[in-house]
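Given chain A, put chain P in place with the hints provided.
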Amino acid sequence: METPIKKMNTTSKANERIAIAVIWAAAIFVLALLVSIIVHILFNGLPYITWEFLTQIPRNMGRDGGVSSTIVGTFLITIVAIAIALPMGIGTAFYLAEYTRENIVTKIIRFSAESLAGIPSIVYGLFGFIFFVISLDLGWSILSGGLTLALMILPTIIRTSEEAIRAVPVVFREVSYSLGATKFQTIFKAVFPSAMRGIVNGTILSIGRCVAETAAVILTAGSALRMPSSLSSPTRTMAVHFYILAREGISMENAYGTAALIMIIIFLINIVANTIVNRFIAKSR
Amino acid sequence: MSNDSIQTATEIKLKMNKVDLHYGAFKALSNVSMDIQRNSITAFIGPSGCGKSSLLRIFNRMNDLIPIARVDGEVFLDDLSIYDKSTDVTYLRTKIGMVFQKPNVFPTSIYDNLVIGPKKHGIKHKIDLDDIVERCLDQVALWGETKDILQKPAQSLTPGDQQRLCIARALAIEPDVILMDESCSALDPVSTAKVEELMMELQEKYTIIIVTHNMEQALRVSDYCAFMMINPERAGELVEYSLTVDMFSNPTDQRTEDYITGRFG
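Chain order of the listed sequences is A and P.
If you read the first sequence in the working numbering, its first letter stands for residue 1, the second for the next number, and so on.
If you read the second sequence in the working numbering, its first letter stands for residue 1001, the second for the next number, and so on.
None of these hints come from the bench; they were simulated from the model.
Any given hint could be a false lead.
[As the list claims (entries may be wrong)] One-sided and incomplete, this derived list gives chain A residues near chain P with beta-carbon spacing under 10 Å: (1) T182; (2) Q185; (3) I187.
[To be verified] Facing chain A, a subset of chain P residues (Cβ under 10 Å, in silico): (4) V1075; (5) I1096; (6) I1116.
[Said to hold, decoys possible] Straight-line alpha carbon distances no greater than 20 Å define the calculated SDA-like cross-link-like pairs of lysine to any residue that follow: (7) K1119(P) <-> E174(A); (8) K1095(P) <-> Q185(A); (9) K1119(P) <-> F188(A); (10) K1119(P) <-> V1089(P); (11) K183(A) <-> Y1083(P).
Yeah, the Cβ is synthetic: ideal placement off N, Cα and C, and Gly gets one too.
For reference, chain A alone in the conformation it holds in the complex (with noise of 0.2 Å):
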């Protein structure tokens, strides 16, 4: 006769068991989903990305040719979106999580943030369109494009930042005082270097949602095929470029071709921004 004891033992070995399976099994789904996504992307678009379709504007509305100027209108918006948010971002994050205790003021901030964060990109769109392209007269240009993915981006970058700066230990800031600091001077040498690792992170994540980005950019920036040549230009991104070869049927390979280079560049970029945050902080080690 068994004893109660060995019985939950064996039972608790088999639940343990069935666990492992069931985790296993979630994760190669997954992993199985987004390689299979990557492999057929890859597999149909990388054919077509050759120096020409790199080098050359788009001709026939984007059937022939290349898509040179959406790489540069994609870049351009991108740093835009970035130069703007990110001091904004982190000068909140620290204002947040520094120089202010909880109160009516970072509620009502941090509310906003989380609100904004959940509002469909098409409404940013839609907003940017009436007030920067309408209203302050920008046009469809870069500049309103840039200036709506600002918007968008802003609560993910004062989130993730506001958070690497809080798990910054709290004994780098007594230290930092303790040897006769102002607050500045530890905010910025003790606890910024601790926290730029998470900050860096909130920004990759943000680059690729410009980057990626179609409804917020197509009502703000347009869809022009001409290179730009300044930053009230109106301009077609990749990812605009891409919704419109594929949706209006124009060429399914130049479309392939281009979000292949779409997952490419976010690729590219997740890379040399950690190599770059890496050998910052292998320096500093």
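Positioned in the frame of chain A, the structure of chain P alone reads:
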């Protein structure tokens, strides 16, 4: 409270007069008065939660970092009223250095850990900074081991050496007073012995206050000893403050005797 032996001593470096510490409505320290002698080692002992660390942090105003903390009473560094509105707290903290419980080096090189303080106070030239690094490492007897690896990560040192580096970092801002908040409690016995030896050497130039749970340590290194306990209102108070030899051989208060003979705490 036996203060007689202290009154006769030479020179007062730090002075507390009827100090209360509140965290919000909670009274953490009640009516503490004490004089700390120049170039002495003073140990704060007492059971956990009696307010030793809070008392220590009153001297360099680290309690300022806690928004609800409030200090009443008078605290002096020489003639400087520490809690006066006109007192520059960053200047104060350059005069009163602090070493913490864990060896909390910054995740940078040994060299950068040492110059972070001096740089904040406007010392820019590499020659001056190199001098400071050598002087401070020499003072904590680390120069020989580290002079060739100054650019290595500080975190690659052993915990004991890291703690000595933290002491060197505190010395780099040329303080008069060094506060050590249980600075040996995370160290092994050999490293502890080295740090204790160092304290006694530093005593020539600095006034040192340590918080310790280790009564043998208090007995080994300190000249004066302050025994603290929680009073019936849950606030920490100074029970007895005297020469260490007197306290351990002939405590005047029954509570002190109970604590140091290990009857509670």
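Hints, one by one, checked against the model:
Taking 10 Å as the C-beta contact cut-off toward chain P, the hint placing T182(A) at the interface holds, the least distance being around 6 Å. About 5 Å separates the beta-carbon of Q185(A) from the nearest beta-carbon of chain P, less than 10 Å, and the hint is met. Violation of the interface hint for I187(A) is found here, the shortest Cβ-Cβ separation to chain P being roughly 12 Å, above the 10 Å cut-off. The closest approach between the C-beta of V1075(P) and any C-beta of chain A is roughly 16 Å, which is over the 10 Å cut-off, so the hint fails.
Residue-level restraint check for I1096(P) holds (minimum Cβ-Cβ distance to chain A is 8 Å; threshold 10 Å). With its C-beta approaching chain A no nearer than about 6 Å, I1116(P) sits inside the 10 Å limit, and its interface hint holds. Only pairs whose Cα atoms come within 20 Å are accepted, and K1119(P) paired with E174(A) is accepted, the gap being roughly 17 Å. With a C-alpha separation of about 18 Å, the suggested pairing of K1095(P) with Q185(A) holds against the 20 Å cut-off.
Distance hint between K1119(P) and F188(A) is fulfilled; the C-alpha atoms sit about 13 Å from each other, no more than 20 Å. Between the alpha carbons of K1119(P) and V1089(P) the distance comes to roughly 17 Å, so the proposed pair stays at or under 20 Å and holds. For a cut-off of 20 Å, the pair hint linking K183(A) to Y1083(P) stands: about 18 Å separates their Cα positions.
Of the numbered hints given earlier, the model fails hints 3 and 4; all others are met.
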